[in-house]
Amino acid sequence: MTPRSSDRPFLSLEAIGKSFGGVRALDDVSLDVAAGEIHCLAGENGSGKSTLIKVIAGVHRPDRGSIAIAGQPVASLTPITAVRQGVQVIYQDLSLFPNLTVAENLAINSLLEHRRTFVRWRDVRRTAERALERLRVSIDLDRLVGDLPISEKQLVAIARALLQDARLIVLDEPTTALTGVEVDALFALVRDLQQRGVAILFVTHKMREMLQAADRFTVLRNGRVVESGPAAEFDEARLTHAMTGRAIGESRFAGRVDASASPRLRIRDLTGPILRGVTFDVRPGEIVGLTGLLGAGQGELAARVAGLETRGTGEIAVDGATLPAHTVRAAARAGIGYVPEDRLREGLFLDRSIADNANASSLRALTTGLRLLSTRRMRSQADRWIHDLGVKTPSIDAPVRQLSGGNQQRVVLARVLATRPKVLVLNGPTVGVDVGAKEEIHATIRQLAAGGLAVLIVSDDLPELVQSCGRVIIFRHGRVATELGAATLTGDALQEQLSAAR
Amino acid sequence: MTSRVRRLLGRHELVLLVVTVLLSIVIGALNPAFYSLQNAFDLLKTSVPLGILTIGLLVVLISGGIDISFPAIAVAGMYITCTLAIDVRSLDHLPVLLAISTAIGLALGLFNAVLIHFFRLPALIVTLGTASVIRGALLEFVGTRTITNLPSSIIAFSRTNLFEATLANGASAALTVSILFFAGVAIAVALALRYTVIGRGAYAVGADLAAAERVGFNVRRIHLFVYGLMGALAGLVGIIHASIIRNANPLDLDGLELTVIAAAVIGGASITGGRGTVTGALLGVALMVIMDGSLVLVGLPSQWHQVFIGLVVLVSTSITALRTRSARAGEIAR
Chain U
1460 MTPRSSDRPF LSLEAIGKSF GGVRALDDVS LDVAAGEIHC LAGENGSGKS
1510 TLIKVIAGVH RPDRGSIAIA GQPVASLTPI TAVRQGVQVI YQDLSLFPNL
1560 TVAENLAINS LLEHRRTFVR WRDVRRTAER ALERLRVSID LDRLVGDLPI
1610 SEKQLVAIAR ALLQDARLIV LDEPTTALTG VEVDALFALV RDLQQRGVAI
1660 LFVTHKMREM LQAADRFTVL RNGRVVESGP AAEFDEARLT HAMTGRAIGE
1710 SRFAGRVDAS ASPRLRIRDL TGPILRGVTF DVRPGEIVGL TGLLGAGQGE
1760 LAARVAGLET RGTGEIAVDG ATLPAHTVRA AARAGIGYVP EDRLREGLFL
1810 DRSIADNANA SSLRALTTGL RLLSTRRMRS QADRWIHDLG VKTPSIDAPV
1860 RQLSGGNQQR VVLARVLATR PKVLVLNGPT VGVDVGAKEE IHATIRQLAA
1910 GGLAVLIVSD DLPELVQSCG RVIIFRHGRV ATELGAATLT GDALQEQLSA
1960 AR
Chain G
448 MTSRVRRLLG RHELVLLVVT VLLSIVIGAL NPAFYSLQNA FDLLKTSVPL
498 GILTIGLLVV LISGGIDISF PAIAVAGMYI TCTLAIDVRS LDHLPVLLAI
548 STAIGLALGL FNAVLIHFFR LPALIVTLGT ASVIRGALLE FVGTRTITNL
598 PSSIIAFSRT NLFEATLANG ASAALTVSIL FFAGVAIAVA LALRYTVIGR
648 GAYAVGADLA AAERVGFNVR RIHLFVYGLM GALAGLVGII HASIIRNANP
698 LDLDGLELTV IAAAVIGGAS ITGGRGTVTG ALLGVALMVI MDGSLVLVGL
748 PSQWHQVFIG LVVLVSTSIT ALRTRSARAG EIAR
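So the sequences go chain by chain: U and G.
Just so we're aligned, residue 1460 is where the first sequence starts under this note's numbering, counting upward by one.
Just so we're aligned, residue 448 is where the second sequence starts under this note's numbering, counting upward by one.
In case anyone wonders, no lab produced these hints; they're calculated from the structure.
Accuracy of the hints is not assured; some may be wrong.
Sample of chain G residues at the chain U side, in silico, Cβ under 7 Å [stated by the list, open to error]:
| hint | residue |
| --- | --- |
| 1 | L640 |
| 2 | Y642 |
| 3 | T643 |
| 4 | V644 |
| 5 | R647 |
| 6 | Y650 |
| 7 | A651 |
| 8 | A654 |
| 9 | R661 |
| 10 | G663 |
| 11 | G721 |
| 12 | R722 |
Some chain U residues flagged as far from chain G (calculated, every beta-carbon gap over 10 Å) [claimed, not checked]:
| hint | residue |
| --- | --- |
| 13 | S1471 |
| 14 | D1522 |
| 15 | P1557 |
| 16 | E1592 |
| 17 | T1634 |
| 18 | T1635 |
| 19 | D1643 |
| 20 | R1650 |
| 21 | Q1653 |
| 22 | H1700 |
| 23 | V1716 |
| 24 | G1773 |
| 25 | E1955 |
Stretch by stretch, here's where chain G covers chain U in the computed footprint (C-beta under 8 Å, at least three residues) [to be verified]:
| hint | stretch |
| --- | --- |
| 26 | 1563-1570 |
| 27 | 1575-1582 |
Ideal Cβ placement from N, Cα and C applies to all residues, glycine included.
Chain G with its partners taken away, still in its complex shape (with noise of 0.2 Å):
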């Protein structure tokens, strides 16, 4: 498996991770806290919500779609499941709840699928639309209060930790148990992308529709896949979102998209379909996080976070369209 292949994709990795690196070194040396071990958890925790988000945005990027939707499914997930556990009482456990949002999630997702795989609809113009559907039908059916005495066993899980440390300054640190859900999450979608049919279904639709329906992959199957895996992981980041910030409030993670396409993309999947691995998905949120946390330890106001997330996206893209300019360049050239 010393492959050109693997070589490219190592390659981009690499300069992920150099870029990282180096960033962090630098914001080190701007403020010092950066590098304490309160500041590690930290960023962890942040990581989770838009770490699960990524992988399931890349494997939407891969078969060569694309969903905004899925902020708008989290917040449903979210909202729904704790408008019903205070109202039913008898729900409320942490693995049911955790089911419920995410089969909210999946449904919603498989809703995307199946307008985007029977109508053939443009899957940008689908998702804009479900997600102004649902979070409308949320604010108008289900409530438009934010709900702050969560069901207790979410607060039970916000304060579940992996691991507690007590520093020398008295402070404590911990490690949230959240962080276990994000790495299950992304083993398990780096096996199916290597070794399931349906994992290489999604890159040989992305990188040709017609083609891979011509050799006999079920293009159905991969379009409820990929978007029913986007859906229900939106709905199980719906609950974890939920413990971080302690309560429920259904106008929540509006423009988190541009956040999360953008770790994809500088993640190295490619807009157009067909590229993308886990490994680079983990890297870009890594960046992404470590950048938005320390815009605020260096100093700088918040909305650079924007500019800096438009920066990354256009960056990204254009770089991917240049590449494929030159290569075609070539062609003609010959």
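Bound-form chain U, shown alone (with noise of 0.2 Å):
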């Protein structure tokens, strides 16, 4: 195999397109991947990024253009030839079994691919223990994949990926859910796979972390090619505007923040499984920011708040009035909106409309004088809010499933805020969003909170925070490390506490 970017290329995609009905996912897009490289696939949600992955898996066929691996052109790709011919990709849920060992998981794709009826443990093992070496990497391969972090996860599929002699191993957003010394650790595993011939085809919407890792970058946009070339060439504000077809303005939040107003939300001496002691106060019309390492009670913070976190003792208040209990429906009452981070899992009902996913927590105000459900009402109030927020679709009674990240979200937050919410608790309000949806969802938060809302966001997006909160609250082992204010708010800075932090 040849070290770093090769001559020929190891993936050649010439031309491809692709239809689903009317709609053309793909359009005459081009794509070359060399071994030892890391191509980075950028684009926005819908912009064609999974269909392509799925014609390098050999999900989809192509209705036009050709594929050529390791020179060699392939006239039918299908999952099963891909991965003989070394294609391996991982997606993002990374298809491994919980319930069972790490060693298992590793060895699976060898059991099966042999056409094996019995399962020798001793060879399932060995073959474990050579996947792991392989990596590099030590885990402990009799727990259950189930009871790892999601970074070792990760390192499971992508050691079963190797496995399998991947040759090229396409990563499917894998950063969604690592902090940022796990992206670090991710980046610098495969750097070494690069070292190794490996090509990498890393598909991905954000950008910041790719500028530092990548080789090259191919920017899809409705599923054309709209910008491809070395990575010395691109900055941030290109990519954006490749991705989104628009400059978008790094406009920092200026809010005018009464500081002699009594606080909206207080918050005393709160302390639990993780938490120590933190007190904070947030006043109309602020938004703060929450940060810190992963486990390091921000999250907590914000469950608490919310009432989903019933463990532990402290005080909430909002507007001077204490909480009487810690729990969803007492922290409901006080005027306390949560918008989760696993909107799929925790915040919409998929196949419901989205008038009823928007109306679904302020059905109360909702009925008429016999206790009824007003369709008139409901519609009225749905049609405000999808308005309001700017929800791009047809109509209000589309299933949100159909809905982009972006839109879904907007969707949550249409919920939340039909219950008239005093204290707004956003936790990762733009994690899987684009870039384009995510400045429309700040302008948002922003406008809101000009009304007089209190809004904590819970964030490991540094831009975001910087861009959008007057003041930063960083976390160490469960207790308020250090803060920053409008004045000393920046990126670098909040990068560097962040450090010391650890």
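Two chains, two frames, a set of hints: combine them into the complex.
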């Protein structure tokens, strides 16, 4: 194998086209990935990234164009032939089995590939040891995969791919669930693979990270390649422009907070499984960011305020009134609205309509004198929020499943806002949302704050924090480690504090 | 193999074992007859049908499925086979009858599998439906009368004992030979789950069907195996059951499914799939049988049995649900 980029690409896609029904998902897409190259495929949700991955994996057959692997034209690529040719796709869900051990997860493919009837556990172990050795990582082979942190799960998935003699590894949004430190570790690993001549195709919409790691970029928009070239030619602005088709300003939030106003949210001495005596106030109109390393306490704080985490002591008060209990119900009654991080699992009824979702938390307010739901009022409330938040949909009756990530997040926001909260807790408000939509969501949050809402944003997206927050609180080991106010809040300062918080 | 898995599973099984032993001590203290050899053999005898069915259901549960049609299948196997053997005397040999009943069970189990796999229907509804169809069709097309003059080979089987002893009080205690079927099934399934690719596939499918498919498991074969095995074992149990109660009643075994589900779930099988062991299931069966048999010994009316089984299912599934919820709360709080 050739180290670093060789002249002949390992994978070569020529003028690929693919349509579903009448919709053109890919149009004249060409892409070369060389052995030992880290290639980044960037694009917003709906740009055709997933379709392209599936073409490479052999799941979708392109309507037009040609595919060559290692210089050989491939007439028809199926999932099995793709694997045989050394193409391994690691999807976001990793396809691991949580109830099986690390060893078995690693060895399962080779068992199936050799069409075995019986399992020889000694072979399974040996295969698994070899796989982890190759990655130069050590994970207890006898642990259940379900007990591993996500970063180690990912390692297992990559090790499994390598076991199958992967020469091209496609990583689909691999950094979504990782912290900064873990992302660094992943990049180190990917560079190591690169040295060994493995081609890497990183598929992501997080550009900042990719600028450090990638050799080449290909940007997709609306199913077409809009930009492609060596990483040196790209910077964040150019990538953003290519992905969204417009320039997005790094506007800073200049919120007006009345320092003399009494605090909207008062938190006193919260202590729990992770938290250790956390105390702070949030005034009306203020947007406060909460960040820290994974498990430092910012997530638990949000869960406590929202009433999801009921264990622990301390006091939470809204507009001076202390919450009688730390439950979701008490929090909701006090006017605390919570937007969960995992909206697909915790925030939405995917198969119900946009209107149903938007109204789900405020049904009580939509009843008639007889305590029956008023269809008219339900529609008008849904219409209003959908319009105010700019959800792009042909109809409020469409199921939420059909919306893009950014629009789904807006529906969650609409549902929470329809309850007319005084305090809004946003957990990772733009996770999995593309750049353009992100900007709009931030604008919406600022507008809401201007109306007197107190906002808490839990995020590890530093640019997001810098842009939107008037103040950022950094957690360490369950305590407030430090706080950056408007005057001191910059990306670099945040990064520095976070590193110090290790 | 000194793994956390082992320790974890070991822990659950250890708890079960301790509970079973404590229960036996309490019951023995209340009624010393519990400790008699005769009672032990009786309990073992009762455990054979329940045990074989629980092992079958264990595999179904591991694969993420459910089957509540097996009592109907067992009755169908038993009643059709007995009717046939009475009409056609030349069939009246135990191996032949066992084979016929098992084959009937296998066919019905595979029918379940086909509906569940190819039409992607929920297993609960499918087996609820097939159970009703099987029971109804049995009464309509085969007969409604309880067969009391069983085929002679089944009578002979019921009298075959592995071990007999005459007790001090003159009574005799005997251990039925059918216990060997139970032991054989338990060992075979334990080995299959641990050492065959299809057995591991059941665990994989139970955890994540889409991922199992993607990795390359033949999910169709796994579904056919799992429900086919359940059906075949139910067919086998049909004949054993007839030999134990010495008749073949087409309305028999109604409600047995809940007892079997309780035994499997208390033994650590997850109702949502992916988890469970034969050792656990055996302990679950032991606990159910001891509890059941001793209610009478202790002097409680047998309706308590029903209350108890319902509670076992509810408590066991709540524990699993609570465990998942606290794991999720941990996730949210990170």
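Taking the hints in turn, this is what the structure says about them:
1. L640: The hint is violated - G/L640 has no Cβ within 7 Å of chain U, the shortest such distance being about 10 Å.
2. Y642: 5 Å, holds
3. T643: Where the cut-off is 7 Å and the nearest Cβ of chain U is about 6 Å from G/T643, the hint holds.
4. V644: 5 Å, holds
5. R647: Cβ of G/R647 sits 6 Å from chain U, so the hint holds.
6. Y650: 6 Å, holds
7. A651: Holds. Min distance 5 Å.
8. A654: With a minimum Cβ separation of about 5 Å from chain U (threshold 7 Å), the hint on G/A654 holds.
9. R661: 5 Å, holds
10. G663: 4 Å, holds
11. G721: 4 Å, holds
12. R722: Because about 6 Å separates G/R722 from the closest Cβ in chain U, which is inside the 7 Å limit, the hint holds.
13. S1471: 25 Å, holds
14. D1522: Given that every Cβ of chain G is farther than 10 Å from that of U/D1522, nearest at about 24 Å, it holds.
15. P1557: The assertion about U/P1557 is violated, with a minimum of 6 Å to chain G.
16. E1592: Holds, since 19 Å exceeds 10 Å.
17. T1634: U/T1634 is indeed farther than 10 Å from all Cβ atoms of chain G, at 17 Å.
18. T1635: 14 Å, holds
19. D1643: Given a closest Cβ separation of 19 Å, the condition holds.
20. R1650: Correct as stated: the minimum Cβ-Cβ distance to chain G is 28 Å, above 10 Å.
21. Q1653: 26 Å, holds
22. H1700: 35 Å, holds
23. V1716: 29 Å, holds
24. G1773: 14 Å, holds
25. E1955: 23 Å, holds
26. 1563-1570: holds (count 4)
27. 1575-1582: It holds: at least three residues are needed, and the stretch 1575-1582 of chain U offers 5 whose Cβ sits within less than 8 Å of chain G.
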